[in-house]
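Asker: Residue-level listing of the chains:
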Amino acid sequence: MGPRLKLFIPLILFVVLALFLLRGLELDPREMPSALIDRPLPEFTLPSLGSDTLVNRDAVIGEVALFNVWATWCVSCRVEHPYLNQLTQQGVPIYGVNYKDEDQDALRWLQELGNPYRLNIVDADGSLGLDLGVYGAPETYLVDAGGVIRYRHVGVVDERVWRDILQPIYQELLEERAP
Amino acid sequence: MIPEIGHYALINALCLAVILAVLPAWGAWRRNTTAMSLAPGLAVGQLVFVAISFACLAAAFLQDDFTVKVVASNSNSLLPPMYKFSALWGNHEGSLLLWALILCFWTTAVALLSPQLPMQVLSRVLSVMGGIAVGFLSFSLFTSNPFERLLPGSPVDGSDLNPLLQDPGLIIHPPLLYMGYVGFSVAFAFAIAALLGGRLDASWARWSRPWTNVAWAFLTLGIMLGSWWAYYELGWGGWWFWDPVENASFMPWLAGTALIHSLAATEKRGLFKSWTVLLAIFAFSLSLLGTFLVRSGVLTSVHAFATDPARGMFILLFLAIVVGGSLILYALRAPAVSSRVSFAWVSRESLLLFNNVVFLVATLTVLFGTLFPLFMDALGQGKYSVGPPYFNAVFVPLMALLAPFMGLGPVSRWKGDTVARWKGELGISAAVAVVCGLTLPLLGADYNLWVALAALLAAWLVLGLVRDAWYRVRGASSLGSGLRRLTPSYCGMLLAHLGFAACVLGVVATSQYNVERDLKMSPGDSETLAGYTFEFVELAPVRGPNFVADEARFRVTKDNELIATLAPQKRRYLASGSVMTEAAIDAGLFRDLFVAMGEPIGSDGAWAIRLHYKPMVRWMWLGAILMGFGGFATALDKRYRRQRRTATASAQGVLHGA
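Chains L and S supply the protein sequences, listed in that same order. Letter by letter, the first sequence follows residues 1 to 179 of my numbering. Letter by letter, the second sequence follows residues 1 to 658 of my numbering.
What the hints contain is simulated information worked out from the structure, not anything from laboratory work. We put the beta carbon where it would ideally sit given N, CA and C, even for glycine. Hints are not guaranteed to be accurate.
[Unchecked claim] Below, a sample of chain L positions facing chain S; criterion: calculated Cβ distance under 10 Å:
1. L7
2. P10
3. L17
4. Q86
5. E112
6. Y151
[Unchecked claim] Calculated lysine to aspartate or glutamate pairs in the DMTMM-like style (CA-CA distance at most 20 Å, straight line):
7. S:K520 <-> L:D105
8. S:K415 <-> S:E425
9. S:K268 <-> S:D637
10. S:K520 <-> S:E582
11. S:K520 <-> L:D131
12. L:K100 <-> L:D131
13. S:K268 <-> S:D201
14. S:K558 <-> S:E535
15. S:K69 <-> L:D164
Generate the whole structure from the sequences, applying the supplied hints.
Answerer: Below you can see the structure in the form of C-alpha cells.
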C-alpha cells in the first residue's frame with residue numbers, strides 16, 4: 001500500500017461508523033419486538049426472592065398487574081424505585097423480576113429502599129428475561145388479567161410515563177375486566 | 001416580544017456565520033486582504049448576536065414566560081432564580097444555544113488574542129470555526145428552536161426542572177464541559193487551516209497548543225464536576241457509571257490527552273505531524289459524536305435528552321460533512337512521508353508515542369463499548385447493554401500500564417537517552433516507591449494488594465517529579481528564584497502529572513476501602529462504622545422553596561468527640577411530585593462520611609438509612625482539579641507569545657518574498 005493510500009484508512013473507518021450510525025437512527029433501542037405484544041406471558045418456574053418456594057406463571061396472573069424487570073446493578077432502577085413505591089401505595093399490583101442479580105444484594109436493596117413488589121421472581125440466569133426479550137433493566141410490562149402482555153415500557157417509569165402512557169392502558173384493562 | 005428578539009438575533013448570527021465561513025476562506029485562497037481582514041469583526045458580531053439571543057432566552061426563563069415552550073416544560077414559578085437560569089441549559093434546545101454561545105466565544109477569543117498570527121492562517125481558522133457555527137446555529141433554528149411559543153393554550157405554570165438538575169453543581173457543569181468540548185474545535189480549526197495551507201510545521205503546533213491545553217483543562221474540570229455531582233446528588237455514593245453520556249464526554253478527553261502530548265512532540269521536535277493533525281480531527285469528531293449520541297436517541301441512557309429522529313439525522317449529516325470532509329482533506333493533504341527527524345528507542349519521543357498508543361487504545365475501547373449495543377442491533381444480533389465490568393476490565397490495566405512509563409517521561413531526554421541514566425536519575429525514587437507501596441496500605445483498614453499497587457505507582461510518579469523539579473531549582477541562590485526558573489509549561493506538566501497520581505490513589509483507595517451499610521434506624525438509634533458513631537437524633541419535616549422534605553438529623557462522633565452533624569433529606573418536589581434523596585456528606589481530605597435516607601419502614605418513624613465511609617474519595621476530584629489547573633498553567637507560558645512574534649516575522653518574510 002502506498003503511503004498516500006494509508007492516509008485514507010481513517011476516512012474508510014469513519015464511513016463504516018457513519019453507516020452504522022445511520023442504521024442506528026432507524027432502529028429504536030427502546031422498541032419492543034412486536035411478536036410479544038398481545039402474546040401470553042411466557043411459562044416459567046422460578047424461585048421467589050426471600051423464600052424457598054418456587055413460583056410459576058399461574059401464581060402471578062389473574063389480575064391486571066405490572067411486571068417490573070430490575071436489578072441492583074441497574075442505575076436507572078434506583079431512579080424509578082421511589083415511584084414504584086408510590087404506585088404500590090395507590091394500589092397498583094407490581095411483580096418484580098429480579099434480573100441477573102445476587103439474592104443478597106436484592107434483599108438488601110428492598111430493605112433499604114422499600115419493597116413495592118407483591119413478590120419477586122428470581123431470574124438469576126436471565127432465562128425468563130430471554131423469553132420476555134429483555135435487553136436491559138429497567139423494563140416494565142403491563143399484563144392483563146388473562147396473563148397476556150399488553151404493553152412494554154423500556155426505561156424508567158416515573159410520574160410522567162405513568163400518567164401519559166401506562167395509566168390509560170391500565171384503566172382500560174381494568175374496565176375491560178369489570179363487565 | 002423578548003423571545004422574538006432572541007429568535008431574530010439567532011437568525012442574524014446564522015447569517016454572519018455563513019459569511020464568516022465563506023468570505024475569509026475565499027480571501028485566504030485568493031490572497032484578498034480585504035476579505036481576510038473582515039474575519040475578526042464577523043466573529044465578534046456573531047458572538048454579539050448569539051449573546052443577545054441567549055440573554056433573551058435567559059430573560060424568558062427568569063420572567064416565567066410560560067408561553068415559551070422550553071420554559072413551560074423545564075421551569076416553574078416556584079423554582080429558585082438561580083435554577084431558573086440554569087434550567088436554560090437543562091434541556092436540548094437551551095443547551096444547544098449554550099453550545100453555540102461558547103463556540104462563538106472561542107471564535108472571538110481566537111480572533112482577538114492572536115494578533116501575531118499570519119493573516120492567512122487566522123482567516124482560515126476563523127472560517128472553519130464559522131462553518132461549525134453554521135452547522136450548530138442552523139441545527140438550533142431548523143430543528144430545535146428554543147424560542148418556540150405555546151400559543152394559544154400556554155400553561156399557567158411550568159412543569160418544573162428535573163429535580164436531579166436542581167443543584168449548584170449542575171449550574172456550572174454543562175458550561176465547563178461545553179467549554180472543553182467546543183474548545184477542541186479550535187485545535188480542529190488550526191489543523192484544518194494547516195492542511196488547507198499545506199504548512200504543517202512546528203509553528204502550527206505552537207499556535208494550537210495553548211488553545212488545546214486550555215480546552216482540555218476545561219473538559220477535565222467539567223467531567224470532574226459531573227462525577228462529583230453524581231456522587232452527592234444521585235444519593236448512592238457512586239461516582240462513575242460508564243453511562244453512554246459519561247462516555248461521550250470521556251472519549252474526547254482521552255483523545256485530547258493524547259493530542260496535547262503529541263502536540264508537544266510536534267512542537268519541540270517536528271515529529272508525528274500527520275498523526276497530530278489526525279488526533280486533532282479525532283478529538284473534535286468525538287465531541288460531535290458525543291452530541292449525536294446524546295441527542296439522537298440511538299443509545300439509551302439516564303441522561304439522554306428528549307430525542308427526535310429529525311434531529312439525529314441533522315447531526316449525523318453535519319457529522320458526516322465535518323468529519324468526512326476533514327478526513328478527505330487529511331488523506332489528500334497530510335504529509336505522507338514520515339519526517340526525516342529521527343529518534344532513538346530510548347527517548348522522550350518514544351515515551352510520548354507510548355502515551356499516544358495507550359490513550360488511543362483507551363479511547364477506542366470506550367468507543368467500542370459505547371457503540372457495541374448499536375452495532376449488534378444494526379447487524380440484527382439482538383439488543384445488548386455493555387456495563388461497567390467491560391470498561392473496568394479494559395481501562396484499569398491500561399492505566400496501570402501507563403503509569404510506570406509516565407514516571408519516566410518528564411526526566412527523559414529528547415532524541416536519545418540511556419537506560420543507565422534513567423537508573424541513575426530514578427533508582428532511588430523507584431526504591432522509595434516500592435517502600436511506599438509496601439507500607440502505605442498498612443494505614444488502611446487491612447492490607448490490600450490493589451492499594452499497594454496504586455501507592456507504588458503514585459509514589460513512583462510523585463517522587464520522580466519532585467526529584468526532577470528539585471534538580472531544576474536547587475542551583476539557584478534562593479528557593480524563590482529557583483522556583484521562578486521553572487517555566488509555566490513545566491509547572492503545568494508537574495501539576496497535571498501530580499493530579500493524575502492523586503486520582504489513581506483516590507480511585508483505588510475509595511473503591512477498595514469503601515465501607516457501606518444499609519440499616520433500619522429509628523430516632524435514638526446509633527451505629528458505628530469504621531470507628532465513627534452515627535447517632536440518629538431526630539426526624540423533622542422541613543420545607544424548601546419548591547419542595548417538602550423529611551430530614552433525618554445525625555450526630556457523628558469519634559472517641560466521644562463531635563465530628564459532624566449531618567442532615568440528609570428525602571424531598572418531594574411540589575410541581576412534579578418526584579421524590580429525591582438528598583445525601584448529607586461530611587467531606588474530609590482522608591475520608592468522606594455519607595448518610596442517605598432510603599424509605600420509611602413501618603409506622604414507628606423508622607427509616608432505611610445508608611451509611612458510607614469513603615476514604616480518600618476527594619483525592620480523585622482534587623487530582624482532576626490539579627490536572628485542570630495544570631492545563632491552564634501551560635497556556636501562560638511566555639514562549640507562546642514570544643515565539644508567535646518571531647513566527648509572524650518569518651511568515652511576513654515569506655509573504656513579502658512571494
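Asker: Now look at each hint and say whether the structure bears it out.
Answerer: These are the hints, each one checked on the structure:
The beta carbon of L7 of chain L is positioned within 10 Å of a beta carbon in chain S (closest approach about 4 Å), and the interface hint is therefore held. Because the beta carbon of P10 of chain L sits about 5 Å from the nearest beta carbon in chain S, less than 10 Å, this interface hint is met. Among the interface hints, the one on L17 of chain L holds; its C-beta lies about 8 Å from the nearest C-beta in chain S, closer than the 10 Å criterion. Against a cut-off of 10 Å between C-beta atoms, the interface hint on Q86 of chain L holds, since the closest Cβ of chain S lies about 7 Å away.
Interface hint status for E112 of chain L: upheld, as the beta-carbon distance to the closest one in chain S is roughly 4 Å, under 10 Å. With a cut of 10 Å, the hint placing Y151 of chain L at the interface with chain S is violated, because the nearest CB-to-CB distance is about 18 Å. For a cut-off of 20 Å, the pair hint linking K520 of chain S to D105 of chain L stands: about 16 Å separates their Cα positions. As the CA atoms of K415 of chain S and E425 of chain S are separated by approximately 18 Å, the hinted pair is consistent with the 20 Å bound.
Simply put, K268 of chain S and D637 of chain S have alpha-carbon atoms about 14 Å apart, close enough for the 20 Å limit, and the pair holds. Under the criterion of a C-alpha separation no larger than 20 Å, the hint pairing K520 of chain S with E582 of chain S is consistent with the structure, at around 18 Å. Distance restraint check for K520 of chain S and D131 of chain L: the Cα-Cα separation of roughly 37 Å exceeds the 20 Å cut-off, and the hinted pair is therefore not satisfied. Note on K100 of chain L and D131 of chain L: the hinted pairing holds, with a Cα-Cα distance of about 14 Å set against a maximum of 20 Å.
With a C-alpha separation of about 10 Å, the suggested pairing of K268 of chain S with D201 of chain S holds against the 20 Å cut-off. Between the alpha carbons of K558 of chain S and E535 of chain S the distance comes to roughly 11 Å, so the proposed pair stays at or under 20 Å and holds. With a C-alpha separation of about 18 Å, the suggested pair K69 of chain S and D164 of chain L falls inside the 20 Å cut-off, and the hint holds.
In summary, the structure is inconsistent with hints 6 and 11 from the numbered list given earlier, while agreeing with the others.
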